[in-house]
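S.K.: Here are the chains, one letter per residue:
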Amino acid sequence: MVYTFLPNEKLKPMNQKPVYILGGYQTDFARNWSKENKHIVAMIREVLEGGIMETLLPIEDINAAFVANFAGELYVNQGLLGAFLVEADSRLTGIPSTRVEAACASGSVAILNAIAFIQAGIYDVVWVVGVEQMKTVGGQEGSKYLGRAAWYEKEAKDIDFPFPKLFGRLVDVYDKRYGIETKYLAAIAEKNYANAKRNPNAQTRNWYMSFDHANTIGEYNRILSGKLRLTDCSHVTDGAVSLFLASSDYTKKHAKKHNKKLESIPRILGWGQTTAPVEFDKKIRESEKDNYVLLYTRKAILHAFKKSGVKNCWDLDLVETHDCFTSAEYMAIDHFGLTAPGESWKAIENGVVNFNGKLPFNPSGGLIGVGHPVGATGVRQILDAFKQVNNTAKDYQIENARKVATLNIGGSATTNVCMIIGK
Amino acid sequence: MTHIVDGKSDEFMLPHFINTMVELGRLGNKTPDKGGFYKRKYDKSKTVLNIKSFTYASVSCVKIPFVEQAKQYIREGRYFDAFTEIKKSSEKKADFIRKILCSYVAYSFACVGEVTHKKYGIELIDKAMAYGFNWAPPTLIMQLFGGKKEIIPLLKHYSIEIPNSLLEFSELPLFNPRHGIYFLAK
Chain R
1 MVYTFLPNEK LKPMNQKPVY ILGGYQTDFA RNWSKENKHI VAMIREVLEG GIMETLLPIE
61 DINAAFVANF AGELYVNQGL LGAFLVEADS RLTGIPSTRV EAACASGSVA ILNAIAFIQA
121 GIYDVVWVVG VEQMKTVGGQ EGSKYLGRAA WYEKEAKDID FPFPKLFGRL VDVYDKRYGI
181 ETKYLAAIAE KNYANAKRNP NAQTRNWYMS FDHANTIGEY NRILSGKLRL TDCSHVTDGA
241 VSLFLASSDY TKKHAKKHNK KLESIPRILG WGQTTAPVEF DKKIRESEKD NYVLLYTRKA
301 ILHAFKKSGV KNCWDLDLVE THDCFTSAEY MAIDHFGLTA PGESWKAIEN GVVNFNGKLP
361 FNPSGGLIGV GHPVGATGVR QILDAFKQVN NTAKDYQIEN ARKVATLNIG GSATTNVCMI
421 IGK
Chain B
1 MTHIVDGKSD EFMLPHFINT MVELGRLGNK TPDKGGFYKR KYDKSKTVLN IKSFTYASVS
61 CVKIPFVEQA KQYIREGRYF DAFTEIKKSS EKKADFIRKI LCSYVAYSFA CVGEVTHKKY
121 GIELIDKAMA YGFNWAPPTL IMQLFGGKKE IIPLLKHYSI EIPNSLLEFS ELPLFNPRHG
181 IYFLAK
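Chains as they are written, first to last, in the numbering used here: chain R, 1 to 423; chain B, 1 to 186.
Just chain B, with the same shape it has in the complex:
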């Protein structure tokens, strides 16, 4: 990993449980008898890895109310309402999602001037994320969170460094209805 020069290099490190899985030879489809993240039992039923105990347990369909509601909004094309669900939920899981999305926005803005020329601002990063990775453009996530005025306090809350390019960023484009393609209702 040392050849990667990136402010977030540490976060690209494989988590410990992956190393343990490799040591145990649990390589997924390559080792069906040992399993991977999932393992099929003799009756073909699926079990899932518990990354703390390294045992397999039955897959249980967990329904998280705020996630289900957000999915329903996305299904109906109500993307702002879906994000409102994520924003307002006091569940720990929602906190996790918010932190991930905020990190994504901050990381993307930090790439301005490094991955793309500064004169193109966040616009080219948006394109790289959208056309290169098929991810929602970072400014779209920021927009759905309520814009700069709402995301900056969130970044502070999660102790995420606020890039200068984000502080200098002044205008959000209008919501592009075509961007609904980046959100799946599942």
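Just chain R, same shape as in the assembly:
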């Protein structure tokens, strides 16, 4: 088995200062904020108020803020979103606030920025917001906007639904190298819709889905690209999520004030971030001699494992992974190492990734079940990881969850961020 990157890299377990997660808040992803005629600042305001209520954090203690957003200029005709964080509450006026963009990985990259500032000792408390209001336009127009997350001129211009096509080609690559049966993709869709029914913030919690529906091609489940069907896709979602990260010193005081032990508060144990060539074909050409299809995704996962002292995937209790399409989750299963490369189907067939399986994938419902407001997704994944480790995920709580991995990818797995959350 070939591991392209690891032998030459010097990776050590993370010895930087710990960064704690104090909590956060997610909007109901089933909402259509455009129908309510709401401005994006209303979403930001709600996640600030909700997050403050959840964490009992004095708003004056926030030192800085980051907002993750992919395409506010296109969807809502609004740039300079960093400034809108301050608009959410006048008490924040004056703090540094920054917008971060990395397509679907914007949320994770914003969190990494916050972590860097906390570890550098510059800030004690950083507020991270992920927000995207996508229902302002129809599906066709929205898919053109999303095409900006690929190499637009080469991969998306004048192409209908470019991203289903790119992730449809991921299925083709698996098919060519290892063979793939689409019933396993349907099983992923069925699982994530079923998990979402436990999640009160999930967009699809009241939708109907069955394996038969997901595995049937027809009037109600047409092919979008290659082998990908409508039910293999995540949805257009309006949503925002907030997260409050803090230094060790601040968290100690916060814990004492609320009669908690520092050890009981979840923290970020480690992460990996990689950037692959933008073009999908180039990624695939580079991986032709490797066992893994998306080398840089695998690399991000291994980096996160190494930095957080995770030996392998079986050290984890669950994974919140990027399933913008079922093919992305199929890829994540072998890239996390649950199976040998190309054999993700075994973990699906054996129920390993099911809610009650040995290593559940997306107990929240993932992007397919919860929804995928592009800029907010990475923050949502970390908030769900926090809830699991904090034992506050309620109906979608995985028993005794102590260590959770997230995988958030931007573009066609161009920006890859894997994080490990634990105590």
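Watch out, some of these pointers could steer you wrong.
DSSO-like cross-link-like pairs, simulated, lysine-lysine; straight-line CA separation at most 30 Å [to be verified]:
no., chain 1, residue 1, chain 2, residue 2
1, B, K127, R, K135
2, B, K39, R, K35
3, B, K186, R, K135
4, R, K35, B, K149
A partial selection of chain B residues facing chain R, derived with a Cβ cut-off under 8 Å [unchecked claim]:
no., residue
5, I152
6, P173
7, L174
Here are some of the chain R residues that sit facing chain B, going by a computed Cβ distance under 10 Å [claimed, not checked]:
no., residue
8, D28
9, E36
10, K38
11, I115
Honestly, the hints are just simulated from the structure, not real lab data. For every residue, glycine included, the Cβ atom is placed at its ideal position computed from N, Cα and C.
Starting from the known structure of chain R, fit chain B onto it as the hints suggest.
M.R.: What follows is chain B alone, placed relative to chain R:
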């Protein structure tokens, strides 16, 4: 209407102009040639019924400053500010809105012990209004008006009977940010 047992039965009666509309055969979409609340002209332009004269007039887009400001606040998620606009406006239209909302709060509290068991207090009425009708829960309206201390004088001002359950009500829950869903900026 006699089969309805409700303290507000009289208010459920159809206003006279509806009866007149029915007599005139102005049944809306069922009678497009005669119209209803609205009527399309031959050029498809829309006209609206004047309920005093029963004639149709061109639809004019009326912009009421305090309503526009409240809508803008709602659009930005500033729900308390939106209600402050409604509270402070001296316009007759604002008075009408305040009275309707106060009546809603009083009516809801009056239902405690009748529609739901008294031991559940206003909580179940809140749920019935929110999940059953998709309306803002009555305690949310009360909260946005400034709580019990502000709504009771308003009820007195509008000569609306104050239910005992409201007088006995002691605590308002914290404002739930998710409740913004009940307010549309249009």
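S.K.: A separate judgement is required for each hint: does it hold in the structure or not?
M.R.: Hint check results:
1. B:K127 with R:K135: holds (28 Å)
2. B:K39 with R:K35: Holds - the C-alpha atoms of K35 (chain R) and K39 (chain B) are around 26 Å apart, at most 30 Å.
3. B:K186 with R:K135: OK: K186 (chain B) and K135 (chain R) at ~17 Å, within 30 Å.
4. R:K35 with B:K149: At roughly 34 Å apart (the allowed maximum being 30 Å), K149 (chain B) and K35 (chain R) break the hint.
5. I152: Not OK, violated: I152 (chain B) not within 8 Å of chain R, min 27 Å.
6. P173: violated (11 Å)
7. L174: Constraint on L174 (chain B) satisfied, holds at 6 Å.
8. D28: Holds - the Cβ of D28 (chain R) comes within 10 Å of chain B, reaching about 6 Å at its closest.
9. E36: Cβ of E36 (chain R) sits 5 Å from chain B, so the hint holds.
10. K38: holds (6 Å)
11. I115: violated (26 Å)
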